[in-house]
Amino acid sequence: DAKTTQPPSMDCAEGRAANLPCNHSTISGNEYVYWYRQIHSQGPQYIIHGLKNNETNEMASLIITEDRKSSTLILPHATLRDTAVYYCIVRVETAGNKLTFGGGTRVLVKP
Amino acid sequence: KAGVTQTPRYLIKTRGQQVTLSCSPISGHRSVSWYQQTPGQGLQFLFEYFSETQRNKGNFPGRFSGRQFSNSRSEMNVSTLELGDSALYLCASSQGDPLSYNEQFFGPGTRLTVL
Chain Z
1 DAKTTQPPSM DCAEGRAANL PCNHSTISGN EYVYWYRQIH SQGPQYIIHG LKNNETNEMA
61 SLIITEDRKS STLILPHATL RDTAVYYCIV RVETAGNKLT FGGGTRVLVK P
Chain E
1 KAGVTQTPRY LIKTRGQQVT LSCSPISGHR SVSWYQQTPG QGLQFLFEYF SETQRNKGNF
61 PGRFSGRQFS NSRSEMNVST LELGDSALYL CASSQGDPLS YNEQFFGPGT RLTVL
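From first to last, the protein sequence lines are chains Z and E.
With this note's numbering as the guide, the letters of the first sequence map in order to residues 1 to 111.
With this note's numbering as the guide, the letters of the second sequence map in order to residues 1 to 115.
Keep in mind the hints are simulated off the structure, nothing from the lab.
Please note that a few of the clues may not be correct.
Taking lysine to any residue and the SDA-like style, the derived pairs with C-alpha atoms no more than 20 Å apart in a straight line are [what the hints assert, rightly or not]: (1) Z:3 with E:88; (2) Z:98 with E:88; (3) Z:52 with Z:93; (4) Z:98 with E:108; (5) Z:98 with E:37; (6) Z:110 with Z:3; (7) Z:52 with E:101.
Only a predicted model underlies this, so the values are computations on that prediction, with no experimental measurement involved.
Isolated chain Z, as found in the complex (with noise of 0.2 Å):
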């Protein structure tokens, strides 16, 4: 699986958009970017996930780069409970669900 880059922590105003950043440089043609998130004391929760075309669903908007090389996750109003840290994971369709996690970006909105 390929590697990626993210922001150890951001810090984020209630009600606006957070925008997420992912270097995954290394990414191979048929590897997909995911998002989870983990708020505190919970268990990781599935948020999006793209090939190379921007996926949008009811938690947030994935922006990937032509180059598929990074990629951004977008909170479109970012809440309290938006709280949490966000992992961004490359990997193959098909390998399983095992799901290699970094070190995600601490993600903290303030009211």
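Please build the complex by placing chain E on the supplied structure of chain Z, with the hints as guidance.
Frame of chain Z, contents of chain E only:
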């Protein structure tokens, strides 16, 4: 649907003992994965079971083992406990289709403390 349940939620053991943790997946899910989370190493994959067979294994010593039953419930066992085994052990379940990614649903975890 009920979520993933893990028992017990908290456990205290002493060095040298063994421990068994249990995970009940979401109804209909056939894959169960286990992860260890520590402050120093973060979230690390232990193993994955699908239809009672270990499908994937992380880089952990043989003291860590697991199994899955015909009803998809899973247990993991750690023998000869060491202080470094103190961690949050997370279980995740998914439908388990091997040809595509399956969203994993995590349980609340079992907090193991080894004294």
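Original post:
Looking at the structure, which of the earlier hints fail to hold?
Top reply: Of the numbered hints, 1, 6 do not hold.
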